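**Student:** Here's the letter readout for the chains.
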Amino acid sequence: MNCERANEVMMLDLYGEAAAADVAELRTHLAGCDACRRAAEASREALAEFRREATPRPSRETVEAVIAVAQPRPFLGGIFAQLRPALWQAAAVVAVALTVSVTIKFWPQSPVQLAAETSSAVTQTATTETSWDTDSAALSEHIRLAQADVTIGSSLDNRISGLRDALSDLRAGSSSF
Amino acid sequence: MPDQPLLPASNVEQTDDALFERYRNGDAAAFELLLARHQSALFGFLIRMVGDRALAEDLFQETWMRVVREARRYRAEQKFSRWLFTIANRLAIDELRRRKRWRTVSVDDEETTVELPANGPSAADETERRRTLSRIEAALATMQPSLRQVFLLREHSGVSFKEIAAMTDAPLGTVLWRMSAALKHLRKELEADGIDGATEK
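First to last, the sequence lines map onto chains A and B.
Under the working numbering, think of the first position of the first sequence as 483, with each following residue one higher.
Under the working numbering, think of the first position of the second sequence as 59, with each following residue one higher.
Since the hints were made in silico from the structure, they are not lab data.
Hints are not guaranteed to be accurate.
Every beta carbon over 10 Å from chain A, so not counted as near; a handful from chain B, in silico [to be verified]:
| no. | residue |
| --- | --- |
| 1 | TYR132 |
| 2 | GLN136 |
| 3 | ILE151 |
| 4 | LEU205 |
Label-pair ranges, simulated between beta-carbon atoms [said to hold, decoys possible]:
| no. | chain 1 | residue 1 | chain 2 | residue 2 | range |
| --- | --- | --- | --- | --- | --- |
| 5 | B | ARG82 | A | GLU507 | 42 to 50 Å |
| 6 | B | ARG82 | A | GLU527 | 38 to 46 Å |
| 7 | A | ARG534 | B | PRO203 | 19 to 27 Å |
| 8 | A | TRP570 | B | ALA196 | 50 to 58 Å |
| 9 | B | ALA196 | A | ALA517 | 22 to 30 Å |
| 10 | A | ARG533 | B | ALA182 | 15 to 23 Å |
| 11 | A | ALA517 | B | ARG189 | 39 to 47 Å |
A quick note: this is a predicted structure, and the numbers were derived from the prediction, not measured.
All C-beta atoms in this analysis are idealised placements derived from N, C-alpha and C, irrespective of residue type, glycine included.
Working from the sequences, and respecting the hints, build out all of it.
**Tutor:** Here it is, written out as structure tokens:
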């Protein structure tokens, strides 16, 4: 052990932190090194002198101020502290919901989106077919009504024609008077 | 007027961590036990670190306020005393950097409450005590802050050199060298003062 290492072990030994093997080596070193032995003795004396001194303590006012600061929190603060875990849980749920929503919204060709699109297409086709059926029925009705109109029209034409004939007969009869 | 004890006698059966856990669960009495246990060492560290009683009182309060404020962030594996002195050390170093000076104000003024032997000192003992105290103050005042920091942390906090190395962000070898240099400085100042004292007599 050299003097530098002896000095380190000496410091550790002052506070009982040195390993037993190191302490044994230090003792061997000190037995043969006057300078280190004197330094070790002087260090112990200086430390003892320092430790003989009374330790100053804080004022009563300072201690009272610290105790006041450390008191449990007021009522509302306590309630908040109790609610805090619940608030955190609620915040976590909202965060997860938002993440899922955004993912579904912006994820390209997400399964949900595909399902929604397919469903929409099927609905649209069904709607179109329903529309065709409806239009076809309406057209048939129009044709039926139109044919009825034609029938009525023919009838009216016949009547008008008959009336025209009658009117011609009347004119001819009046001219013979 | 003799002071009534403000704090309960420290309960040695409970560890710091157990007391702090009790405090975190709302037991203010546990905090007072912790304060009683550490107040003397912590204040001794601070006042000798900054050399100013009023400033040391402020830093003492600030240290405990941070303990209260950051109670939820504390982890038991940190060891309470190490955590406490890490906070105090940081505050003291910041303050010293800000002021860039070390005020040599007596810590033994009339406001100081000092732990004295139970049987009470004689007048001669008291005179000698004050003399030695002023010698130590002078030695600390002229000691480099990095040496003073290691010396006071080891003496007051009870944390190991290895932990001090972590707290001060320095290698263990450097910390041990600083401790040795601090003791050498203290020894030199005390010896020099002793020679002066002998001359005066």
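**Student:** All hints are to be evaluated individually against the structure, with a verdict given for each.
**Tutor:** Verification of the supplied hints:
no., hint, verdict
1, TYR132, "holds (14 Å)"
2, GLN136, "holds (19 Å)"
3, ILE151, "holds (20 Å)"
4, LEU205, "holds (12 Å)"
5, B:ARG82 - A:GLU507: 42 to 50 Å, "holds (45 Å)"
6, B:ARG82 - A:GLU527: 38 to 46 Å, "holds (44 Å)"
7, A:ARG534 - B:PRO203: 19 to 27 Å, "holds (24 Å)"
8, A:TRP570 - B:ALA196: 50 to 58 Å, "holds (55 Å)"
9, B:ALA196 - A:ALA517: 22 to 30 Å, "holds (26 Å)"
10, A:ARG533 - B:ALA182: 15 to 23 Å, "holds (20 Å)"
11, A:ALA517 - B:ARG189: 39 to 47 Å, "violated (30 Å)"
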